[in-house]
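Given chain A, put chain B in place with the hints provided.
2 protein chains.
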Amino acid sequence: MKVAISPPVVDQPTPEPTLGISPPGVAPEITAEIPKIAAGTQSEVSGLPAGVDLLERLEGICVDQGLSSLAHRLGAMTGLVAADLAAFEVELDGLPSRPEKVGRAASHLLDLGGKRLRPLCLALATRIGDGFDQKGLDLAVAVELVHSATLLHDDVVDLSDQRRGSATARTIYGNAASIFAGDWLLVEALRRVRKSGYLELLDQLLAVIEEMIFAESLQLENRGRLSMDRRTYFKVVEGKTASVFRWAMTAGGVAGGLDRDQQQALATYGDHLGITFQAVDDLLDLTGDSAKTGKALFTDLREGKMTLPMILALERRSELRDLVEEVLALGAEEPIPGSLGRAIIEHLRESGTVDDCLTMARERSAAAVEALQGLPSGPARQALATVAEAIIDRDL
Amino acid sequence: MKVAISPPVVDQPTPEPTLGISPPGVAPEITAEIPKIAAGTQSEVSGLPAGVDLLERLEGICVDQGLSSLAHRLGAMTGLVAADLAAFEVELDGLPSRPEKVGRAASHLLDLGGKRLRPLCLALATRIGDGFDQKGLDLAVAVELVHSATLLHDDVVDLSDQRRGSATARTIYGNAASIFAGDWLLVEALRRVRKSGYLELLDQLLAVIEEMIFAESLQLENRGRLSMDRRTYFKVVEGKTASVFRWAMTAGGVAGGLDRDQQQALATYGDHLGITFQAVDDLLDLTGDSAKTGKALFTDLREGKMTLPMILALERRSELRDLVEEVLALGAEEPIPGSLGRAIIEHLRESGTVDDCLTMARERSAAAVEALQGLPSGPARQALATVAEAIIDRDL
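Respectively, the protein sequence lines represent chains A and B. Sequential numbering from 1 applies to the first sequence in our numbering. Sequential numbering from 1001 applies to the second sequence in our numbering.
The hints are simulated quantities; they were obtained by calculation from the structure and are not laboratory data. Bear in mind that the values here come from a model prediction, so they are computed numbers and not experimental data.
To give an idea of the chain A side of the interface with chain B (calculated C-beta under 8 Å), a few residues: (1) R98; (2) K101; (3) W184; (4) L202; (5) L206; (6) E216.
Anything over 12 Å on all C-beta distances counts as not near chain A; from chain B, calculated: (7) E1089; (8) R1164; (9) A1167; (10) T1287; (11) L1314; (12) E1326; (13) P1376.
Ideal Cβ placement from N, Cα and C applies to all residues, glycine included.
With the rest of the complex left out, here is chain A (with noise of 0.2 Å):
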């Protein structure tokens, strides 16, 4: 099922107005210097924390592309919160170890790992200011719990049978306990925000529950509908995924001691830095390597997941809905057609859909690096510049 796709060219011309996502301003030079992933540079699974394996896997990328300043950048970005991963998975491993079916679900999918983005960037987000103390580690963990919360609940609603190249808890364990362990996250995650201090994060945090349960709830709704717009998955997107970007880099930035405005400024990195991460993801559904993702390829097009590249190819290519309409008529279980995969990948490819979500994506990611501006300068914001500019290539 792997389909080849030329590899996408960096400098791609500005999408048409309408397309209304593009923020002003994309400086060259960070667009140019992206790397991208060739195949075989995936480094083996070190001993140190996940998150710390990402940085190095990153760095890797880099110095193969001969990219040698963003590989010293991410390589200075190892070293400064090598320390916090290491505490942050000390501190998540803490989390009670039940015999429950449901504290076994839970603990499958924390077993599994991740790419602990969201607490990576929690805590550089703390290093901007005061540090990264035990609050902040609470409120990475929370983080981290209320992502994991989520995937749970995903994939018991996707009926999802892979995860991080693994079966899914709900494959092991049974829905109902998978359910149950995402609302125990959950709970777990409240508590640390609370154990915090900080109020007005629990608060904040709780609407990103909520936002994140109608983004999902819309997301449902328009499960196979052809015809959702740019508007509906820009709302999906912000709601269920930007938000909790939002809210770690709030966090962080609280917990540092940083004041409102640079609070604002990272809140605003973080909701831009989730549309580019999404992006990505969506991209790589079709794009991308499923021996790297952990994931069959279009599986969200198979849940009848309307993404940002399928919608703007279905505006475009209107032969494209037919083909759409097979791959939801397929069975759960039946393969994709490699000829029908070939042509559906085909069709968002010479629409120029795969550059324009990737320009729009770049975008996002250069929008996250500007709202750093304001910020005290050094390591830190370096780092989370880095973040985001990493993020588009990433094949992980």
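Only chain B this time, still in chain A's reference frame:
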């Protein structure tokens, strides 16, 4: 499917000590005045709030049975909390109405009403102290939302089609919407508690939700296990039902400005009340009138849930095992043959199980009343005692 069962005798012999569930000291005058519900006593649904309607129906039952003392006390209670319950309904109605499926699924359940037993008890607890103010109101709405959230999740886990005499939210809006709706109501509940400003109640509610999750998990793991024991049953009921009543009573005490010992007394009352309530609920599933309970008979058994009467009967009658296996082997849509249902009921009755369960319920009800002794006497304390007594023979 309605199977006749001889009315329970009020004065039961104490069950054998191995039952291990009897709290000491049952006041005989209390158990003696418990009314039994005769057919046809159900009053017209009034225009009053659901909770008031419950009170009036209980009052009507008492009058019909010539139990004027209890009727008198229930009438006094109606006056005592009618305004509180009306305010509660207005506040609950104020939950933002959202057009998404998730919002509609939540509204569907909330609009069906319910007994409002938890908010009623919470309001009465506040009235032992300083009274029912806005904070008490927020807490009362919170406890009803938590309860409703668990119903939305339970119905998905149990694949239930009927709730409160109507289609379940999951059958109308889908399982996913019902799950997310439950999540939303939990978030809303936590927000109300946060709004009340009583942070210790927020911490306790998070602990209660965790307790509920693991009780659900335990119940889930024991589905269809005919060898499930009483200890496990009580662990499930403590975590799933009693914990919420306990919290509601503590919350009422806190909002009413009562001291720690008084809050503790109320919590003990809540704990016993919760067990009483669940024990009666479990009996009603086997011997109730489905037209009044709003759900089909034998629902728990068909879902493989071993409740106390069934556990006791299986211990006492080895022949029952095959009959229960027969029920469990039935398809979801297949009705239970009348002869099979009657045979099971006969075993429950002839083994003394129904009577012993009722005795246990009465003992816990008496223990609930006993727990109130240290509290300031007055109409609110009296009303709580009445609730504990009236709950036994409810058929609502």
